[in-house]
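S.K.: Protein chains in written order, with our numbering: chain A, 1214 to 1884; chain B, 1214 to 1884.
Derived from the structure by calculation, the hints contain no laboratory data. A couple of the hints might just be wrong.
Intra- or inter-copy, both count: the list cannot distinguish identical chains.
[As the list claims (entries may be wrong)] Straight line, CA to CA, 16 Å or less: simulated EDC-like cross-link-like pairs of lysine to aspartate or glutamate: (1) Lys1224 <-> Glu1445; (2) Lys1299 <-> Glu1220; (3) Lys1367 <-> Glu1227; (4) Lys1299 <-> Asp1384; (5) Lys1552 <-> Asp1825.
Note that the structure is predicted; figures quoted are calculated from it, not measured.
Next come the chains, spelled out residue by residue.
There are 2 protein chains.
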Amino acid sequence: MSSIAEELAKKQKEISVSEFFERNRQILGFDSQVKALIMGVKEAVDNSLDACEEASILPEIQVRIERVEKDEYKVTVEDNGPGIVKRMIPNVFGRLLYGSRFHAVRQSRGQQGIGISATVMFGQITTGRATTVRSKTAHEETAWELDLIINTKKNLPEVLREEPKIWDGKDHGVRVEFFMNGRYLSGKQSVMEYLKQTAIVNPHAKFTFVDPEGRSITFERASDDLPPPTKEIKPHPEGLELGTLMNMANETKSKSLSKFLQTDFSRISDRLAKEICEKAGLDPERTNLRLLDKKDNPGGLRLEDYKRLIEALSSVKIMAPQTDCLSPIGGNLIRKGLKNVLTEIRPEFYAHPVTREARVYAGNPFLVEVGIVYGGDLPKEQPVQILRFANRVPLLYQQGACAITKSIERTDWRRYGLEQRGGEGIPYGPAIIMVHVASTKVPFTSEAKEAIANIPEIQAEIELALKICGRSLKTHLNKKDTKVKTKAKFDIVQVILPLIAEKSAKIVGKPVPSLSGTITKIMNVVWIDDSVAYEKKAHKVRVTIYNYTPKGQKMNLHMVLPQEKLDYTGLQMFPAQVKDDGKVTWELRSIPTTQKVEIQFQLKGLDQDAYDENEVYVSGIDPSLVIGADPLPGDWDVKALQISESASAEPVEDDEDEVDYDEQKEALSDD
Amino acid sequence: MSSIAEELAKKQKEISVSEFFERNRQILGFDSQVKALIMGVKEAVDNSLDACEEASILPEIQVRIERVEKDEYKVTVEDNGPGIVKRMIPNVFGRLLYGSRFHAVRQSRGQQGIGISATVMFGQITTGRATTVRSKTAHEETAWELDLIINTKKNLPEVLREEPKIWDGKDHGVRVEFFMNGRYLSGKQSVMEYLKQTAIVNPHAKFTFVDPEGRSITFERASDDLPPPTKEIKPHPEGLELGTLMNMANETKSKSLSKFLQTDFSRISDRLAKEICEKAGLDPERTNLRLLDKKDNPGGLRLEDYKRLIEALSSVKIMAPQTDCLSPIGGNLIRKGLKNVLTEIRPEFYAHPVTREARVYAGNPFLVEVGIVYGGDLPKEQPVQILRFANRVPLLYQQGACAITKSIERTDWRRYGLEQRGGEGIPYGPAIIMVHVASTKVPFTSEAKEAIANIPEIQAEIELALKICGRSLKTHLNKKDTKVKTKAKFDIVQVILPLIAEKSAKIVGKPVPSLSGTITKIMNVVWIDDSVAYEKKAHKVRVTIYNYTPKGQKMNLHMVLPQEKLDYTGLQMFPAQVKDDGKVTWELRSIPTTQKVEIQFQLKGLDQDAYDENEVYVSGIDPSLVIGADPLPGDWDVKALQISESASAEPVEDDEDEVDYDEQKEALSDD
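Produce the complete structure using the sequences and hints provided.
M.R.: Put into structure tokens, the structure is as follows:
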């Protein structure tokens, strides 16, 4: 028996990380020949984009794929980034788990120090050939060119050749050339599709792609503004784990507990640090923060002390993390990006994109953005198309394993106008749902970075954003639907009733009676009609509220306007409450029967594309009376309503020059 | 600009593998509190099962989960395995990428040297507490007990305590105790479910589980036979990659190219090695196999030489890999395991489980097993339940990402009697589909080992196995259906026709005519009725073929019998061809009109459970005439048919004592 234990013991040995991934390349995403090529391009392009943005350079990236023989391809990716200093090149490209972004708390594409070295390794395994890296920094006289491979047993680079090179016309940048067994395809999962989707979420970058047939395609940049550079922050204390706290405390350079809390974490002020120490029953000035039962540290903290510290940290109110560590795309550019790529589909509707505020999971800030596109030539009988992005990188594989997909599946899309069996699963219909998750650390399910793990906090945020964006879709579909129906009803009532009245009057020899009372009784609706038109560099918005009920009505009218800073000309003509997040509430305190009220204003400073449909809600009125606007969703800030409801219902007299508040006896005869 | 490149360079550093996983624990499956507990138990149990089987010990494993406080649990897993020698304990439990099974080419649960150390690390991160390991080998006087943690910056174990312990009544075994933040739940994804499914595919193991409420549940072993121990083999050359070949050639201890091919690979004989060398244009006796352009190796091989070698390897015919490196469960035990767990559902039907032959992907042997359960109390209106296993380990998470699920989704289940929109996606119906993939290296999508990557070879095999098993389901459903319909028709014909005949005869004063000709004209079918009954420790099988057509018929009748070695008593009464894989073909060369033929035999040596429905096919006859058996699927070995078809159609006279081959004028009056 012991011989078995001994025998097993003899077999125990260390596995190098590169050896591990050499044997488990599917974990890195190199599990098929088609995918391998895409992965290789993606890793190189991700690195180029990160480097350019870190150096505040507008990225210009060239990708070329050439067929060498049968299954062997040569891939070249060249950027205009800052370059890599020569001594670092071997480690960056020839060593797994080596990189500059792993320890930094800020959004970047690369985080793991695995991707490009894995590409070098996979190229070498499948073709036996080295990778060539050429790099020049602005400071160096010449470029350097290196051929290198990975020694997978040791996870160390081996440089086979290095020499200085003149790089014509290039002041700084990197070019990577590798060979790889692969298969080049076009289609839904392809290099082309990867670049196309990358262009959607990186409108500041220019990409040129030469395919194996020699055809060149350029994705021009849609914007010359670099996204604001992301800033590195300290870990946020929310969701901090005991072991992580202990590790940090054991390694801190801070001189006291209070200083440690302030310096090593985000959002902890001097005052808050003291409060936390007090709650934990620990002296803020305490200096020895290491663990007690480690050798030679008798004065250290006990496990219970750390536990109390964690509890104290989670019991105090800590500000949400700074958002400048994140780089959201923004509603405006999401819409622009989508429109740019989807023109040939001519969609009927782009829902208002949603950019949520930053939240935290396990100490990592993240935020979610959602866009929905509907109609046009999108297929009606198929599952909706899902576009997934993480830190501005498209995710082409493992859709089924991704928190984004899970969230879409868990949302009841029947409420938002899409078909869905049992209110679960991927909905059917002519729509594209786009979701972007940005985080200082995206929790991918594997090193291949193809799917986001089901972290409850992230899933909840995605679902919320989907619902908000879904509502915009539903509003559109409802409006379309009710407009058609109400129009038909109105037409009938307005044509037939007068004819009857006229005939009857003729027969009995009496004058034709006023029909407005009768018509309102038949209709019994408040009809809200809205429009938006782009004229003279401004969006002219008009909302008309017709009271086709037999009595006077009052209500609150709500709209969601673009969150960007705008010139709301004319917005104040009614008592309106305008909030920072673009939510506007009007109090319409009295609309007499058969009359109408009109709100008009304009939005200045938006691209024409950026606003093309109004989102109108009502509250304070029986919603079944209203046609043309949905009841206000429950998650709006209730304060807005309380103000309205507590306000008096007196008619308001201020500044009515633009408003049809005058008596119109025959409102129905209006257009 | 250079300052940016320099700044970036300064940030470049190595990341230790434990640090990487500390920050990316979702990759290891520790992404939720519920899952973390399951993962911890799973890693410890997997190791225990592997160790027991390597030492040929029938596993007896105790799992206990206790609640310490709020979210903190203590998990204890104890086995009766061979124990771990003391000096190895720290590395096995306290160091990631360290293990005994990574380099071995044979099926085992653990392969990566990550799981249990990850558990130790996660426990320590969430609770700040060390893991306690107690181990005793049969050779040692006492057990040893160690408290250890992982230094995640260095990926090295730190032992906090070690001391000898008397372990009452225990000759050998290991006990692991760790603390972990988690949440204990029951349900579909739970520790209980993991153990239950583990018991299905490991019927030789006994599990005792004490849950946090103190309730004890035991899964008794269903079989006292250990699965045959898996044998380590050399890599199989199929799908070998150039880089891997080069690495192997650079490190071989073999003295010549020919010896290298024979010794370092599976299934290459001396003769084959020479053939390969010849095809590659290389001298078999060549001794220097290392790469030419490495320093100080001028006599080495060139890249082109390796390429030609790879091509030669892929062009010669190499035997399939040995299967003793794999440990399939086998049809018998699959059925037993499923029945054991599913009794309360009382399914109507267990399809014949399928165990496919071993195949190879990228040099790794693998095989696929499938079982299907149908009906009973399984829900009719829901997607089928999928049970996924890899190397006898249940996969509870990431169903959507798994090649097993993909294969099920790509199969058109409408052909096998299940509902499925558009013939794609997970089918609906009262069924459970169980799939087991066994391999010397299961290509998991991540270190959490939750889903199998979409390797084309594996997916193809799963789909094939699903289809074969699906056919068994369809046969059952068809039979059920046609039996009911044919019975109804027969009843009508047999009751009404004689009545008419009798009345007519009376009226015209003539004798009642023989009706068989008329009845056969009306029916015009060959009806195949079969049954199986378990009596006196044998399965009695009876197949009766009624010729209700107006003329004589001939046909081949086929059955699939259990592949285990059996006493086919009475099988040879007709000229039958019995094949190793259990496929039997009878040639029925002449069945006169209105007559019947009966085949009877028994199967000895099977458990009662192991065979409860016949699978009967026909060929050599117009299938639209036949009721009660499906036409032979296209993938049967055609030789069986060629023999039948080339054989003469003469009636056969041999050994007919059991057979109703005598003239029966009134076959229909038979029961």
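S.K.: Now look at each hint and say whether the structure bears it out.
M.R.: Status of the hints after comparison with the structure:
1. Lys1224 <-> Glu1445: Between. Shortest inter-copy distance 12 Å satisfies the 16 Å Cα cut-off; intra-copy 44 Å does not.
2. Lys1299 <-> Glu1220: Answer is between: at 13 Å across copies they meet the 16 Å cutoff, but 46 Å inside does not.
3. Lys1367 <-> Glu1227: Answer is both: 11 Å inside a copy and 14 Å across each meet the 16 Å cutoff.
4. Lys1299 <-> Asp1384: within (15 Å within a copy, 59 Å between copies)
5. Lys1552 <-> Asp1825: Only inside one copy: lysine 1552 and aspartate 1825 sit 12 Å apart there, 61 Å across copies, limit 16 Å.
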